[in-house]
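Protein chains: 2
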Amino acid sequence: MTAIRKTAGLRFNRKGKYVLGLDLGGTKIAVGLVNLKGKVINSLREPTPLGSGPEGVCERMAEMSKEILLRTGVGRREIAGIGIGAGGPLDLKKGMLLSPPNLPGFHGYPLKDKIEEYTGMHAALENDANAAALGEMMFGAGRKAKNLIYMTVSTGIGGGIIVDGKLVHGVGWSAGEVGHMTLKPDGPECNCGNRGCLEALSSGTAIAKRAKEEVGENPSSLILKVAEGGKNTIDAEVVFRAADLGDTVACRIIDEALFYLGIGIGNLITAFSPETVILGGGLTGAGDRLFVRVREIVKERVKLVPVNKIPIVPAGLGESAGIVGAASLLLQKPVGV
Amino acid sequence: MTAIRKTAGLRFNRKGKYVLGLDLGGTKIAVGLVNLKGKVINSLREPTPLGSGPEGVCERMAEMSKEILLRTGVGRREIAGIGIGAGGPLDLKKGMLLSPPNLPGFHGYPLKDKIEEYTGMHAALENDANAAALGEMMFGAGRKAKNLIYMTVSTGIGGGIIVDGKLVHGVGWSAGEVGHMTLKPDGPECNCGNRGCLEALSSGTAIAKRAKEEVGENPSSLILKVAEGGKNTIDAEVVFRAADLGDTVACRIIDEALFYLGIGIGNLITAFSPETVILGGGLTGAGDRLFVRVREIVKERVKLVPVNKIPIVPAGLGESAGIVGAASLLLQKPVGV
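Chains as they are written, first to last, in this note's numbering: chain A, 2 to 338; chain B, 2 to 338.
Next up, chain A with everything else stripped away, as it sits in the complex (with noise of 0.2 Å):
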């Protein structure tokens, strides 16, 4: 059984039987009530309310959490406290979002202290990858590992790092961002400013951009068909069910993808030779055609690391791994037990 955490300066209620997961991101905001084994009893999703600002945004999230106490009759009391996985960078010192791309207006913004005036409850915060490496540890696919790499390979590419059942923080809270390693010096430009990192060659979006930039040049490429419309329905999604057919360009870019995919997964294990890697994000809903390809690239590349004792795998929480994943950073077992 996992207990609760004790948590320097924050008094959260030892008592609790349920914690509440928040997940807050630049499209959709989730919140769930989950229990100590990490199963979701009940969750609301919506669309992000950017246009009422942070504050709006905040509030929302505490009345979608009271919306859930009321749905299942759980009482305030039964809540241990709550969990909040946000987009980074993040000042987790002062519970705070810095200047993330994908929630404009939240600089600054003291998310851990609103949640906790808002609804009265004890909250802790973490960047969303690292909670959801987190909750993968203790409930999903690395139920078995204390060191495993997490990633997520979605519109973009991020991560989390495990080392002896600890997320790596390391300086600035900055550590895991894995989709901004350089891995073609020349490569794509990146929107963190650099050029050539694996979100810039592997994410979804890269894939998107290849080959909007590309059916110009290829017209009787089956992506357009596919994407039954104009250059601006083309998403990676469409790019890998024309794959699936057999056009060629489709097959080429998304090869390419899963190519620098396999390289950069495979320079972590070298590093760091994890005993897994988990993949989420929507990229890996492509299942055997992307897991197969990344994984003989990875053991091509790979020689000093014993890579078939080193399992890469989907992630196991699927859909709830947000609100899982947050609720997880109260659940984690005090260090050293």
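Since the hints were made in silico from the structure, they are not lab data.
The structure displayed is predicted, hence computed values, not measured ones.
Any given hint might turn out to be false.
A pair counts as met if it fits within one copy or between any two copies, since identical chains are not told apart.
What the hints assert, rightly or not - Listed next, the in silico SDA-like pairs over lysine to any residue satisfying Cα-Cα at most 25 Å (straight line):
no. : residue 1 : residue 2
1   : K304      : G88
2   : K29       : L99
3   : K115      : E56
4   : K213      : P111
5   : K94       : K145
6   : K300      : C193
7   : K310      : L70
8   : K147      : L93
9   : K210      : R72
10  : K210      : E301
11  : K16       : E68
12  : K145      : L70
13  : K95       : E257
14  : K304      : V172
15  : K185      : K304
16  : K232      : G54
17  : K29       : G288
Knowing the structure of chain A, use the given hints to seat chain B on it.
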């Protein structure tokens, strides 16, 4: 003050006031008497007698240890134990070397037990780059850090990663093989069997190899003149010296090697965000020419980690790194203290 570590299963002499550090490399062996503050009191260094096999090498290191005790008048009872650093791969559980490329004949050799047998003192074994990382954290350039990356840039490129004051060992004790991250997928072949590894791009061997190839096509290059002999006398130092004289070919070779060294270090910083990166090994003798360029590239490439808070510095232990690193295995503070 550093405390002697209590290690499960092994009985170190807890009343000891010194430790012996043994450094076993493919070209030389070194033995040193080190006090509890990491200071080398006395040391011996000589070529590895590879001709006499693992048994002979082991016996010789035991003799050197005795000789040092005689020289210094330190009694066996004052020795806490012996730390051994050796080139990987190793099986640390069995205290054994596993097909080390630079130590032919040592495959499966139970080095730890044999040293204990020959000396009658308790011993601990570790990968040499890991031992050096630990030594740097305890007594060298990383004394204020608990999270650091150590890299040795020499004929090969190796490393050790420390998180939360502890070495990251990984599956099969294979973590920290930072020289074998793929940075140029179609790059030169690497000894490990892959292509375009950092080691194949930026090590001393890689620089020398590249220079040997290029002098044929560029007979006016100063490299051959500086080498004062045939192609075979070209090594990395020669290329650095020719570059210092302004030779275009040498400058280009050095520049490309340092470019990839910067990319590799940048990628590690992006993933780990350590408090500091410490560089040791022969090539760091190039001083500012190396460090200034590497720092420039890291700054250019790493955008999401506060690199200006992460110093990239020369190793602090210099020539004693091997001995002090090995000795530090016995001088680690108990975890959590």
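Status of the hints after comparison with the structure:
1. When the C-alpha separation of K304 and G88 is checked against a cutoff of 25 Å, the pair qualifies only between copies, where the shortest distance is 16 Å, while the shortest distance within a copy is 34 Å.
2. Taking the shortest alpha-carbon separations for K29 and L99, only the intra-copy value of 19 Å comes in at or below 25 Å, while the best inter-copy value is 51 Å.
3. For the homomeric pair K115 and E56, the shortest alpha-carbon distance inside one copy (8 Å) is at most 25 Å, but the shortest distance between copies (67 Å) is not.
4. Taking the closest pair of Cα atoms, K213 and P111 never come within 25 Å of each other, the shortest separation being 39 Å inside a single copy and 59 Å across copies.
5. Only between protomers do K94 and K145 lie at most 25 Å apart by alpha-carbon distance; the minimum there is 20 Å, versus 30 Å within a single protomer.
6. Taking the shortest Cα distances, K300 and C193 sit within 25 Å of each other only across copies (13 Å), while inside one copy they are farther apart (29 Å).
7. In the homo-oligomer, the alpha carbons of K310 and L70 never lie at most 25 Å apart, since the shortest distance is 43 Å inside one protomer and 44 Å across protomers.
8. Taking the closest pair of Cα atoms, K147 and L93 come within 25 Å of each other both inside a single copy (22 Å) and across two copies (19 Å).
9. In this assembly of identical chains, the alpha carbons of K210 and R72 never lie at most 25 Å apart, being 43 Å within a copy and 70 Å across copies at closest.
10. Proximity of K210 and E301 under a CA criterion of 25 Å is satisfied inter-copy only: 24 Å between copies versus 28 Å inside one chain copy.
11. In this assembly of identical chains, K16 and E68 lie within 25 Å of each other by CA distance solely inside one copy; the values are 22 Å within and 64 Å between copies.
12. Proximity of K145 and L70 under a CA criterion of 25 Å is satisfied in neither setting, with 32 Å inside one chain copy and 47 Å between copies.
13. With identical chains, the CA atoms of K95 and E257 are never at most 25 Å apart, being 41 Å at best within one copy and 42 Å at best between copies.
14. In the homo-oligomer, the alpha carbons of K304 and V172 lie at most 25 Å apart only across protomers (13 Å), although the nearest pairing inside one protomer, at 30 Å, exceeds that limit.
15. Proximity of K185 and K304 under a CA criterion of 25 Å is satisfied in both settings, with 21 Å inside one chain copy and 16 Å between copies.
16. For the homomeric pair K232 and G54, neither the shortest alpha-carbon distance inside one copy (32 Å) nor that between copies (68 Å) is at most 25 Å.
17. Within a single copy, K29 and G288 get their C-alpha atoms as close as 24 Å, which meets the 25 Å cut-off; across copies the closest is 50 Å, which misses it.
Violated hints for the displayed structure, listed by number in ascending order: 4, 7, 9, 12, 13 and 16.
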